[in-house]
Amino acid sequence: EPEVTQTPSHQVTQMGQEVILRCVPISNHLYFYWYRQILGQKVEFLVSFYNNEISEKSEIFDDQFSVERPDGSNFTLKIRSTKLEDSAMYFCAKSGGTLAEGSSYNEQFFGPGTRLTVL
Amino acid sequence: GQQLNQSPQSMFIQEGEDVSMNCTSSSIFNTWLWYKQDPGEGPVLLIALYKAGELTSNGRLTAQFGITRKDSFLNISASIPSDVGIYFCAGQLAQGGSEKLVFGKGTKLTVNP
Numbered sequence: 088e089p090e091v092t093q094t095p096s097h098q099v100t101q102m103g104q105e106v107i108l109r110c111v112p113i114s115n116h117l118y119f120y121w122y123r124q125i126l127g128q129k130v131e132f133l134v135s136f137y138n139n140e141i142s143e144k145s146e147i148f149d150d151q152f153s154v155e156r157p158d159g160s161n162f163t164l165k166i167r168s169t170k171l172e173d174s175a176m177y178f179c180a181k182s183g184g185t186l187a188e189g190s191s192y193n194e195q196f197f198g199p200g201t202r203l204t205v206l
Numbered sequence: 661g662q663q664l665n666q667s668p669q670s671m672f673i674q675e676g677e678d679v680s681m682n683c684t685s686s687s688i689f690n691t692w693l694w695y696k697q698d699p700g701e702g703p704v705l706l707i708a709l710y711k712a713g714e715l716t717s718n719g720r721l722t723a724q725f726g727i728t729r730k731d732s733f734l735n736i737s738a739s740i741p742s743d744v745g746i747y748f749c750a751g752q753l754a755q756g757g758s759e760k761l762v763f764g765k766g767t768k769l770t771v772n773p
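Those protein sequence lines, which keep their order, are chains A and B. In terms of our numbering, the first sequence has 144 at position 57, counting the first letter as 1, and numbering is strictly consecutive. In terms of our numbering, the second sequence has 750 at position 90, counting the first letter as 1, and numbering is strictly consecutive.
Careful: at least some of the hints might be erroneous.
[Claimed, not checked] Under 7 Å between C-beta atoms, here's a sample of chain A residues computed to sit facing chain B:
no. : residue
1   : Tyr-118
2   : Lys-129
3   : Phe-152
[As the list claims (entries may be wrong)] DMTMM-like mimics (lysine to aspartate or glutamate), calculated; alpha carbons at most 25 Å apart, straight line:
no. : chain 1 : residue 1 : chain 2 : residue 2
4   : A       : Lys-129   : A       : Asp-149
5   : A       : Lys-129   : B       : Asp-731
6   : A       : Lys-165   : A       : Asp-150
7   : B       : Lys-765   : A       : Glu-155
No wet-lab data here; the hints were simulated from the structure. The structure presented is a predicted model; accordingly, all values stated were derived computationally and were not measured. Every residue, glycine too, gets a C-beta built ideally from N, C-alpha and C.
Okay, chain B solo, but in the shape it has when bound (with noise of 0.2 Å):
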């Protein structure tokens, strides 16, 4: 099956920091998604992108939808504490009825203050 494989799996940053952190899969995917998760809840979309090469800001969150569409990184600028989170990337076909997301194993970000 499909599988994405994200990086880092961990990151300790201080506050005001730069992060970033990217997604790659074998095969092609028409949409990627980022989300973040705290602690005991659901997944909240951040930023979705929809076209290859597409550059997307949400604040301070920049992603990219790479051009092969095998790829997706997300950037996080001037971190704070309230980032902390596990992030995760999800690619979606959306083609031949499939709709699914398909996970990476995340990354889960501290900042220290």
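Next comes chain A alone, as it looks inside the complex (with noise of 0.2 Å):
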């Protein structure tokens, strides 16, 4: 299974600050993803990177939010101004490796997440 690595595990920060959560899918990939699940809910798509470009964004990911991959590895999620309500499991996922890799283009595979609380 290809491997998503995710840092930091876990980001406490105080209302109003800006968050940076990185991501590092091992291999190439051609889709990237960040979801997030708040405690004991189900999983919910933020947005979709394709390209160097973002492909999809749900409601969710408001003007609070953005993407990016800068150096061609890490894919990162920015939160600019955190809430309360922003506490979450943040996952990271990508899809659509090589053949060698034997995984289907659909198949997403997720990080292991970046609990962040928001205090």
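Two independent chains are provided; combine them into the complex using the hints.
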């Protein structure tokens, strides 16, 4: 299974502060995603990223959120001014792997997540 | 927006029993995926389904893509303690540039040894 790592594993921040969550998708993939999961709830789609631009975003992904892949490797999610309700697990995912990895275009592989706590 | 209804919400079973859970949707999906999530970790892909009517197995797991493309089920045979976790179905339209996954609310499985 293709590997995805995320840093930090846990981030505590004050309301109104900016946070940057990082994802390192090992190996070449085409699509990258951010999802979030509020404690005890389902996983929700935030944004998909293809060919260095946003391909789709949800209603949750408002102007406070941004994504980029600054160095062709790390994939980041920035929240400009955090709110209490941003507290959640944030998962990076990737799909569209190489044939050598045997993964289908549609299969999405998730990282271990970053737990964001906004105080 | 698209919603998935996943049931049951939770299950308590004895080791060795078989388990069945399902997802239904009001809209069509072109791909169904089943994930397992352990506490504090990310979802792990178990099975992917791509064609209506498709039945796919992965060890003790079997999943089917409903004929109407609006539902899917997952069966686990001869459950063991490490099957404990939350199982999520996810639908994907995979059309018109939309690759996002829509998740169900999960089925929490508890296996008593």
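Hints, verified against the model:
{"no.": "1", "hint": "Tyr-118", "verdict": "6 Å, holds"}
{"no.": "2", "hint": "Lys-129", "verdict": "5 Å, holds"}
{"no.": "3", "hint": "Phe-152", "verdict": "15 Å, violated"}
{"no.": "4", "hint": "A:Lys-129 x A:Asp-149", "verdict": "20 Å, holds"}
{"no.": "5", "hint": "A:Lys-129 x B:Asp-731", "verdict": "18 Å, holds"}
{"no.": "6", "hint": "A:Lys-165 x A:Asp-150", "verdict": "10 Å, holds"}
{"no.": "7", "hint": "B:Lys-765 x A:Glu-155", "verdict": "29 Å, violated"}
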